[in-house]
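Could you build all of it, start to finish, from the sequences and the hints given here?
Number of protein chains: 2
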Amino acid sequence: MTGSTKLLGAADVAEIVRSRGVEGTLDELIERLRDALGAHDPATVRTPARAGFHYERPALGLLEWMPAMELGRVIGVKTVGYHPANPTGRGLPSIVASTALYDPGTGALVALVDATLLTALRTGAASAIATDILARPGPTVLGVIGCGAQAVAQVHAISRVRPLEAVLVHDSDPEVAASFARRTAFLDRPVHVLAGDDRQRLLAESDVLCTATSVDVGAGPVVADGEHKPWLHVNAIGADFPGKCELPRSLLARALVCPDVVEQCRAEGELQQLDGQRCGPDLPTLVQQRERYEPCRDSLTVFDSTGWAVEDLVAAELAIELAGRFRIGQRFELHAPGADPHDPYEELV
Amino acid sequence: MTGSTKLLGAADVAEIVRSRGVEGTLDELIERLRDALGAHDPATVRTPARAGFHYERPALGLLEWMPAMELGRVIGVKTVGYHPANPTGRGLPSIVASTALYDPGTGALVALVDATLLTALRTGAASAIATDILARPGPTVLGVIGCGAQAVAQVHAISRVRPLEAVLVHDSDPEVAASFARRTAFLDRPVHVLAGDDRQRLLAESDVLCTATSVDVGAGPVVADGEHKPWLHVNAIGADFPGKCELPRSLLARALVCPDVVEQCRAEGELQQLDGQRCGPDLPTLVQQRERYEPCRDSLTVFDSTGWAVEDLVAAELAIELAGRFRIGQRFELHAPGADPHDPYEELV
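Line order of the protein sequences matches chains L and E.
So for the first sequence, the numbering used here puts the first residue at 1; every next one is plus one.
So for the second sequence, the numbering used here puts the first residue at 1001; every next one is plus one.
Misleading hints may appear alongside valid ones.
[As the list claims (entries may be wrong)] Between beta-carbon pairs, the in silico distance windows are:
id: 1; chain 1: L; residue 1: 291; chain 2: E; residue 2: 1172; range: 16 to 26 Å
id: 2; chain 1: L; residue 1: 291; chain 2: E; residue 2: 1173; range: 54 to 64 Å
id: 3; chain 1: L; residue 1: 218; chain 2: E; residue 2: 1046; range: 33 to 43 Å
id: 4; chain 1: L; residue 1: 48; chain 2: E; residue 2: 1330; range: 29 to 39 Å
id: 5; chain 1: E; residue 1: 1091; chain 2: L; residue 2: 218; range: 31 to 41 Å
id: 6; chain 1: L; residue 1: 218; chain 2: E; residue 2: 1056; range: 41 to 51 Å
id: 7; chain 1: L; residue 1: 51; chain 2: E; residue 2: 1039; range: 24 to 34 Å
id: 8; chain 1: L; residue 1: 230; chain 2: E; residue 2: 1073; range: 25 to 35 Å
id: 9; chain 1: L; residue 1: 331; chain 2: E; residue 2: 1056; range: 28 to 38 Å
id: 10; chain 1: L; residue 1: 331; chain 2: E; residue 2: 1198; range: 42 to 52 Å
id: 11; chain 1: E; residue 1: 1044; chain 2: L; residue 2: 321; range: 38 to 48 Å
id: 12; chain 1: L; residue 1: 242; chain 2: E; residue 2: 1173; range: 43 to 53 Å
[Unchecked claim] Far from chain L by the CB rule (all over 12 Å, computed), these chain E residues:
id: 13; residue: 1163
id: 14; residue: 1190
id: 15; residue: 1256
id: 16; residue: 1320
Keep in mind the hints are simulated off the structure, nothing from the lab.
Even for Gly, the Cβ is constructed at its ideal location relative to N, Cα and C.
See below:
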């Protein structure tokens, strides 16, 4: 170890992604995450349950830490805040995050990376992987409910695994829905904004649906159950909090629901709404047994995405690697050891 | 919030302490910690149990996160590593730590502070507070078993609340014991190194004893039970891991054992050795009911110190405040929001 800490701020991460290309970055992230999921072994990769603070002042929010250790190699801890008033009140995304990487040989902090964009990208990458296994191939109408920051990466990620014919979008804030076409203009896909009452049309016409809302605890679902294509695949990514759910229970009850992390989805995801028995394969199993689950493409499937620390570790390590390749970021002497490790007062007295 | 993150590396923290003076810093830390303990209210200050990774490769060690929230004001998370091979193998202290402070209004990381020295100082401050309540006043012979980095701050901290007549020290590594006089020369107190077999003399002659060892799990105690002054006060600070204990069970059994955090001491501290019934007041209670517990000065008392996240929050905030006063440290644009919080791709495409 060099003893110094690599720092990558949001501007550095943006420069890394621009240097690699946003599509190239996302494709590489999808590929690395798929590899990590395919090789996942809980004996060597440990991801204890995330924990955190939930509060209502000074603003409604939560701050959580998501640890992951690849035994003998690296420890990553993402700290992620969810503060739904950020976009309107603070000019900040609702999700703000940073990932710290530690050397398990010494305990030293070796890197600190803004993970705000990376969180959107890795969440998109996870949806792309699930969608690629569970959704019908071919031209795809993508429905989006909740058009904030996460939705941009979701649409982009799905576009990397399915050719998008059209994107149907809805947001409880008409202005946020209206700006979505501009924000996804780089994809060159037609975006149709559906007003509140047309949400059911969105459900009916989508081949793949993404829910990425800030719906309040207890206020879901964000769309009523109703007519949909038999092969509908849903990426439900907004539910990540006890009591916060986006999908109708009746829809979940007839779907193959695939959690990213079983226990976490039971506590915070759509699985909250189902009894313990009904649960499909988790994301690593989906990837590891892809042939077994691809036949489910013809029926209703749901990817219950609450976010997994392994996704954050993969994303942060990719950012660090690309930063090295493009010589981006700076180093900071955080721990800076003295000459005598037994003398904390060495330079003080 | 400014939106940028304050960075204080180890060299900055050292400069802060030099600028304020090491005695002034420690005295102020003791005072602030005593105030925080005296005012502690679990309804507004939340300190969930610390958690972490324990492992044996690439080196025996642990990495833990210690969160604390003062509701509505600040969240602090110290990440602390304990790697006993660091001093000999890596030239690093066995304890390496950093504290991150977050704005609960937005989730943004507002400060990152090297907490390696601060951990030693706050652990010393906690011992000073307990010792001031539980040890006999007047000239004091201080015994020290385990002469690493933590011991330096322990001796210094005790010297702020009791006049030290002499310091008797022992370490399983004779070189570490031998260098202790040099490392504490600033205190101008006679230091007597006792060889292995003289540990019992150390127990017998001390008014206050500090154990701060890296004894292996299951290998304690670090001193056999035996003759001691009736009013002996012990600060047991090394036990912070399941199975790691420093004191003889029989000694604990006849002492008033005061944990810093009851549940944590039951899991990781000397309290592991006692049944659930026998437990004295915790550190906040000691401070809040000082008059009630001062009479215990005439009998055997033990402060079971495993480390508390509130201590780390107080220490980090003092460092930040002093950094502002002395214009030390730098700012880093970690999160750097774009113009549109709904558009993570704003500057990418």
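Against the structure, the hints come out as follows:
1. At about 58 Å, the CB distance of residue 291(L) to residue 1172(E) disagrees with the hint of 16 to 26 Å.
2. For the pair residue 291(L) and residue 1173(E), the supplied restraint of 54 to 64 Å holds, since their beta-carbon distance comes to about 58 Å.
3. Between residue 218(L) and residue 1046(E), the C-beta spacing of about 23 Å breaks the proposed range 33 to 43 Å.
4. The supplied range of 29 to 39 Å is met by residue 48(L) and residue 1330(E), whose beta-carbon atoms lie about 33 Å from each other.
5. Between residue 1091(E) and residue 218(L) the beta carbon distance is about 54 Å. The supplied range of 31 to 41 Å is therefore violated.
6. Our hint of 41 to 51 Å for residue 218(L) and residue 1056(E) holds, since their Cβ atoms are close to 45 Å apart.
7. Our hint of 24 to 34 Å for residue 51(L) and residue 1039(E) holds, since their Cβ atoms are close to 26 Å apart.
8. For the hinted restraint 25 to 35 Å between residue 230(L) and residue 1073(E), the CB-CB distance of approximately 53 Å leaves it violated.
9. A beta carbon spacing of about 30 Å between residue 331(L) and residue 1056(E) agrees with the range 28 to 38 Å that was offered as a hint.
10. The given range of 42 to 52 Å is respected by residue 331(L) and residue 1198(E), whose C-beta atoms sit roughly 47 Å from each other.
11. Judged by the Cβ atoms, the range 38 to 48 Å given for residue 1044(E) and residue 321(L) holds: they are separated by roughly 43 Å.
12. Taking 43 to 53 Å as the suggested C-beta distance range, the pair residue 242(L) and residue 1173(E) conforms, at roughly 50 Å.
13. With a cut of 12 Å on Cβ distances, residue 1163(E) stays outside the contact zone with chain L, its closest approach being about 19 Å.
14. Listed as a non-interface residue, residue 1190(E) keeps its Cβ farther than 12 Å from every Cβ of chain L; the least gap is roughly 18 Å.
15. The non-interface label for residue 1256(E) is consistent with chain L: the shortest C-beta to C-beta separation is roughly 30 Å, beyond 12 Å.
16. The Cβ of residue 1320(E) sits about 15 Å from the closest Cβ of chain L, beyond the 12 Å cut-off, so the non-interface label holds.
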